Amino acid sequence: MLDALVTLIGFLLFSMSFLALVSVETPMPQISQEDVQKKITEKPLQLTVSLREKETEIWSPFERIKSQTIPHNDEGMPDTAGIHAAMIEIKRQFIQENKVVFVPSAATSYDILISVMDALRVLEPTDPALFKPNEQTGIDEPVKALFPEVVFGNLLGEG
Amino acid sequence: MAAYRSIRFRRGRRKHKETELQLTSMLDVLVIILVFLLKSYSTSTNNFTTLPGLKLPLSASQDIPPDSLHLIITPEGMTFENNRIVEFELSAGSLGASEEDATYSLKAADLAEDGRQIKPLYAALTKAKDQAELLRAKSKARDAEGNPLPFDGILAIQADKRVHYDTIRKIMYTGATAGFKTFRLLAMKRDG
Chain Z
1 MLDALVTLIG
11 FLLFSMSFLA
21 LVSVETPMPQ
31 ISQEDVQKKI
41 TEKPLQLTVS
51 LREKETEIWS
61 PFERIKSQTI
71 PHNDEGMPDT
81 AGIHAAMIEI
91 KRQFIQENKV
101 VFVPSAATSY
111 DILISVMDAL
121 RVLEPTDPAL
131 FKPNEQTGID
141 EPVKALFPEV
151 VFGNLLGEG
Chain X
1 MAAYRSIRFR
11 RGRRKHKETE
21 LQLTSMLDVL
31 VIILVFLLKS
41 YSTSTNNFTT
51 LPGLKLPLSA
61 SQDIPPDSLH
71 LIITPEGMTF
81 ENNRIVEFEL
91 SAGSLGASEE
101 DATYSLKAAD
111 LAEDGRQIKP
121 LYAALTKAKD
131 QAELLRAKSK
141 ARDAEGNPLP
151 FDGILAIQAD
161 KRVHYDTIRK
171 IMYTGATAGF
181 KTFRLLAMKR
191 DG
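If you read the sequences in order, they're chains Z and X. Each residue of the first sequence is one higher than the one before, starting from 1 at the first, in the working numbering. Each residue of the second sequence is one higher than the one before, starting from 1 at the first, in the working numbering.
Honestly, the hints are just simulated from the structure, not real lab data. No experiment lies behind these values; they were computed from the predicted model shown. C-beta: ideal position from N, C-alpha, C; glycine also. Some clues are possibly wrong.
As the list claims (entries may be wrong) - Computed list of lysine-lysine pairs in DSS-like fashion (alpha-carbon distance at most 27 Å, straight line): (1) X/LYS181 x Z/LYS144; (2) X/LYS119 x X/LYS181; (3) X/LYS39 x X/LYS127; (4) X/LYS119 x X/LYS39; (5) X/LYS161 x X/LYS55; (6) X/LYS181 x Z/LYS99; (7) Z/LYS99 x Z/LYS54; (8) Z/LYS54 x X/LYS161; (9) X/LYS107 x Z/LYS99; (10) Z/LYS144 x X/LYS119; (11) Z/LYS38 x Z/LYS144; (12) X/LYS181 x X/LYS161; (13) X/LYS119 x X/LYS107; (14) X/LYS55 x Z/LYS54; (15) Z/LYS54 x Z/LYS38; (16) X/LYS127 x Z/LYS144; (17) Z/LYS99 x X/LYS161; (18) X/LYS107 x X/LYS140.
What the hints assert, rightly or not - The following label-pair restraints were derived from C-beta to C-beta distances: (19) Z/PHE94 x X/LEU58: 23 to 31 Å; (20) X/GLY146 x Z/ALA107: 48 to 56 Å; (21) X/ASP28 x Z/ALA20: 44 to 52 Å; (22) X/GLY146 x Z/ALA106: 43 to 51 Å.
Start from the sequences and build out the full structure, keeping to the hints where you can.
Given below as structure tokens:
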């Protein structure tokens, strides 16, 4: 029995992952296949979050939402709680929307990048429950994530 | 008789008693370790390693990254698949600054396309892509039409929390020009 225990412990220690890594996936922006004229008439949300030196702006180029400016906190960091709350309100209005364009400034650190992306994507258990109708069954289902598809909007170097 | 009374004998006898194995206590300890290991056991589908001194940010994401090509960015340089490919240079204003405050930037000689592309990274990514495509061509796994499976084009990026977005976007641009379409930004899992 002792041999079995020692072998089992050895196996578990050997195959255990001590580095608990998680990932935040972001696709490379693609050229939209939609017709520009159609876009102008239909006016998609194209939710955009711009991270500036002193504030964060949440806006839509097609003016589907009222532009919001959230000032950074006293430490000069983006107010992730404020951004998250604003994103929940927008998700409530556009429940089927999953995409958000993120435009950070060049000096934004990786740490802030991840924390803001979390605020845009993750729906915490403490957040109010959101429901969206299932198109096939018509039954309301709980929303699992806010805006899971985060695309960087300034990869070519502006800002 | 004198030997039994001798100090050496008594000391020897005591020593023998102390080294006796307490099997019950040892089993208890082993069972506790086993329960702890089983509770915190998680099978991982990736072989991502990290570098000493790398400070990863915390994330609330629940997505466990599967295995893919892997780039580590420290404030001093870049490591692709365990090979150091780029060394940053100390920024002009950081001379004499402490290790925490020092900032590094890419060397001008390593950049192309108006500073958007990192040349050594592009070379490493293209080589890795070619190797992956060659392996897929040799593999027996085929799609519905009998063609080799397409290159997945996923790059996992593990960056130090101090690295700036300016560097990340150059990496993403370089990746895109080398045929990578998806980027996985890695972070440490936040508890709770």
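Tested hints:
1. X/LYS181 x Z/LYS144: OK: X/LYS181 and Z/LYS144 at ~25 Å, within 27 Å.
2. X/LYS119 x X/LYS181: holds (18 Å)
3. X/LYS39 x X/LYS127: violated (41 Å)
4. X/LYS119 x X/LYS39: Between X/LYS119 and X/LYS39 the Cα gap is close to 46 Å, so the pair fails against 27 Å, i.e. violated.
5. X/LYS161 x X/LYS55: holds (6 Å)
6. X/LYS181 x Z/LYS99: holds (17 Å)
7. Z/LYS99 x Z/LYS54: Satisfied, since the Cα-Cα distance of roughly 24 Å is no more than 27 Å.
8. Z/LYS54 x X/LYS161: holds (20 Å)
9. X/LYS107 x Z/LYS99: violated (35 Å)
10. Z/LYS144 x X/LYS119: violated (40 Å)
11. Z/LYS38 x Z/LYS144: The hint is violated at about 30 Å.
12. X/LYS181 x X/LYS161: Answer holds: X/LYS181 to X/LYS161 is near 23 Å, not above 27 Å.
13. X/LYS119 x X/LYS107: holds (11 Å)
14. X/LYS55 x Z/LYS54: holds (25 Å)
15. Z/LYS54 x Z/LYS38: Not OK: Z/LYS54 and Z/LYS38 at ~36 Å, beyond 27 Å, violated.
16. X/LYS127 x Z/LYS144: violated (38 Å)
17. Z/LYS99 x X/LYS161: holds (25 Å)
18. X/LYS107 x X/LYS140: With Cα atoms ~43 Å apart, X/LYS107 and X/LYS140 exceed 27 Å; violated.
19. Z/PHE94 x X/LEU58: 23 to 31 Å: holds (29 Å)
20. X/GLY146 x Z/ALA107: 48 to 56 Å: Because 50 Å falls inside the window, the suggested range holds.
21. X/ASP28 x Z/ALA20: 44 to 52 Å: For X/ASP28 and Z/ALA20 the Cβ distance comes to about 28 Å; the hint is violated.
22. X/GLY146 x Z/ALA106: 43 to 51 Å: holds (46 Å)
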